[in-house]
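**Q** Line order of the protein sequences matches chains D and X.
The opening position of the first sequence corresponds to residue 1 in the numbering used here, with each subsequent residue numbered one higher.
The opening position of the second sequence corresponds to residue 1 in the numbering used here, with each subsequent residue numbered one higher.
To be clear, the hints were calculated from the coordinates, so they are not data collected in a lab.
Keep in mind that this is a model prediction, so the values were computed, not measured.
Do not rely on the hints blindly, as some may be mistaken.
[Said to hold, decoys possible] Listed next, with one range per pair, are the computed distances between beta-carbon atoms:
1. D:Leu135 - X:Pro62: 40 to 48 Å
2. X:Pro62 - D:Tyr65: 39 to 47 Å
3. X:Leu330 - D:Ala87: 43 to 51 Å
4. X:Ala327 - D:Asp58: 48 to 56 Å
5. X:Pro63 - D:Asp80: 57 to 65 Å
6. X:Tyr83 - D:Gly45: 27 to 35 Å
7. X:Arg58 - D:Leu135: 56 to 64 Å
8. X:Ser88 - D:Val128: 32 to 40 Å
[What the hints assert, rightly or not] These stretches of chain X come out as covered by chain D in the derived footprint (C-beta under 8 Å, 3 or more residues):
9. 93-102
10. 248-261
Backbone N, C-alpha and C define an ideal beta-carbon position, used for all residues, glycine too.
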Amino acid sequence: MASLPFLHGRERHTLGRGVSWGPGWAWWLRNRWAVMGLWGVALAGAAVTLGPWLWRTDPAFQGVYQGGDLSLRLAPPSLDHPLGTDAFGRDVLARLLQGGRISLGIGLAAALLGVGTGVVVGGMVGYVGGLADALVMRIADTLLAFPKLVLLVSLAALFGPSIPLVIGTLALSQWPVGARLARGEVLALRQRPFVEAARALGFSRRRILFGHVLPNAAAPLLVIFPLSVGEAVVMEASLSFLGLGVQPPLASWGNMAAEGLNPLAEGAWWVSAFPGLALVAVVLSFNLVSEGLRETLNPRGLRGHS
Amino acid sequence: MDSGGSCRNGGGHLKELPLLSFVVRRLLGSLPLLVGVPTLVFLALSLAPGDVASVYLRPGIPPETVVQIRQNLGLDEPLHVRYVRWLSSLARGDLGYSVAHGVSVRRLLATALPNTLLLGSLSLGLSFALGILTGIFQALRPHTVLDSFLSGVSLFFYSVPPFWLGTMLVLMFGVWLGSSAEGLWTLPVSGMFSVGHEFLGPWEKAFDRLRHLVLPTLTLTAVLTGGVARFVRAAMLEVLGEDYILAARARGLSETRVVLKHAFRNALIPLITLGGLSLPLLLSGTVVVEFIFAWPGIGRLMVTSVAARDIPVVLAGTVLMAFLVVAGNLLADLLYGLADPRIRHGRPQA
């Protein structure tokens, strides 16, 4: 009995596949790209949380219609409006910061909800096995094999666009990734001695799964989470770009880019260029973080999944 | 994907034709997608607030007419009856009528499908060709400055959402270059033909179509290429470290032969799987790209139909996309058999 907690404890200090925290993190910090990604994520997070307090221009104020200043229609970047103004004379920077809150918030919520649900469901059916496992994994495979944006478009068609719905459908498209991964890890871990030990101690299945198995599957899950946030942010933006996501006048990076399409013909590139650049920077950052984590936690073969 | 099983459990007479049995098994494996997507679509449709009848409703219609409309559309029947009818009419290819266009959905999709296929296959082919070349090039000089640079470029394009890349291409070719000079650089940013293309000769017509294809194809290709290049680089690096490569080099084979015949042939097998796996990404991309460049394909049809509340078209488009994924995966399976003799000759896979 006395040796069992020791077994258990040793497993807990490693992140899955026998990679310990210490040297891995040092390597990761030396990996400049991954650190740059981390800075990018931190900067974006700071910008959208603190930005609207620092840049005090009202994102909803229409310089042309409410301010009566026609020169503010599609004004190019200047000191007053560092990123220019849109067709209504609204400040692009202020909208970018406010829209970032929406876009990143939706992406984060959808990834948390989707990957979280996926991990719990995938872990449970992986541990229990049998018919439930076969059925749930078939559904997950079906969803994985289906073009996400097509699914989102048809769901938006049926239910009408709203933010909770966008989060829900994005989560729906994200859960199979978490489920697949968690199930695979659970299948690999459930025969390991420390799980058998826990079973021998008579722990409940719930306690074994959530207390012993899933914590040891943290490494690969940590890799896909930033990836999932990045993808959810892009999906939300794409959906809003098509007019099926966040609805104006509420800004999101996707619908800002769409509103910038027509002004392009007048040479007003700043309306759609900046939200897109912000999006690229954020998604790239998340991908770099994920890449860094992947190389740290799984230094042998790196297999990219689509 | 479950490619791990051995080919020996292919039933009865199929045993002599391992490739066929492989394809049949994979086809059976794709059944859940073919039945699952229509089921999901049907369930979503019945869960959605309001029903199809609401499209026909106008203010002032008497309630008994509403009941009549619902009866005519078969909406008063129980869920499972409607589900079976929806599946059987799908199987017969009866997709109903478009509310907005007033023609059969099948005709709408039939005119849009070739355009999507042209754009999609061209982009897929181009991105794989470009990605393979870049990946091999990188794998031959790993961890050099050039390799890191190309990896960075790949990761960049992998992260760029197609809608923004397309928008920036419109800006560059449609606005900046388009207004400055008449010439080869002015590329059309919208549609599939120029105005008055009917009066052009067959060659000029083909050239006109080609010019319209450039920007949409470029956008889609850029998005896919990065992933392919990353994948090929990793696969090639792994294969190039194998002993048989060392053996081939020791036998004095030329570097080209070693790289293309010994290494790439083996890296090709997971690449075909990637081809099948990138179909969802490609089709998601076509939705956005067709929307930006007004390319009259399935994706654009679906998005404009959502705006017009033309539900039958959206649903049929969704189902068609599922069919495209299945058909593409089947094609990938056939290629798999061609590339991997173990599958062709029915020996268990490694």
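**Q** Work down the list of hints and note, for each, if the structure agrees.
**A** Right, here's what the structure says about each hint:
At about 46 Å, the beta-carbon gap between D:Leu135 and X:Pro62 stays in the expected band of 40 to 48 Å. At about 43 Å, the beta-carbon gap between X:Pro62 and D:Tyr65 stays in the expected band of 39 to 47 Å. The hinted window of 43 to 51 Å between X:Leu330 and D:Ala87 holds, with their beta carbons roughly 47 Å apart. Between X:Ala327 and D:Asp58 the beta carbons are some 52 Å apart, a value that agrees with the proposed interval 48 to 56 Å.
Hint check: X:Pro63 to D:Asp80, Cβ distance near 58 Å, so the stated range 57 to 65 Å holds. Checked against the hint of 27 to 35 Å, the pair X:Tyr83 and D:Gly45 fails, with Cβ atoms roughly 46 Å apart. Remark: the range hint 56 to 64 Å for X:Arg58 to D:Leu135 is contradicted by a beta-carbon distance near 44 Å. Between X:Ser88 and D:Val128 the beta carbons are some 35 Å apart, a value that agrees with the proposed interval 32 to 40 Å.
Residues of the stretch 93-102 of chain X lying with their CB closer than 8 Å to a CB of chain D number 0, which falls below the three-residue condition for coverage. Coverage of the stretch 248-261 of chain X by chain D is violated in this model, with 0 residues showing a Cβ closer than 8 Å to a Cβ of that chain against a need of three.
Checked against the numbered hints given earlier, this structure breaks hints 6, 7, 9 and 10; the rest are met.
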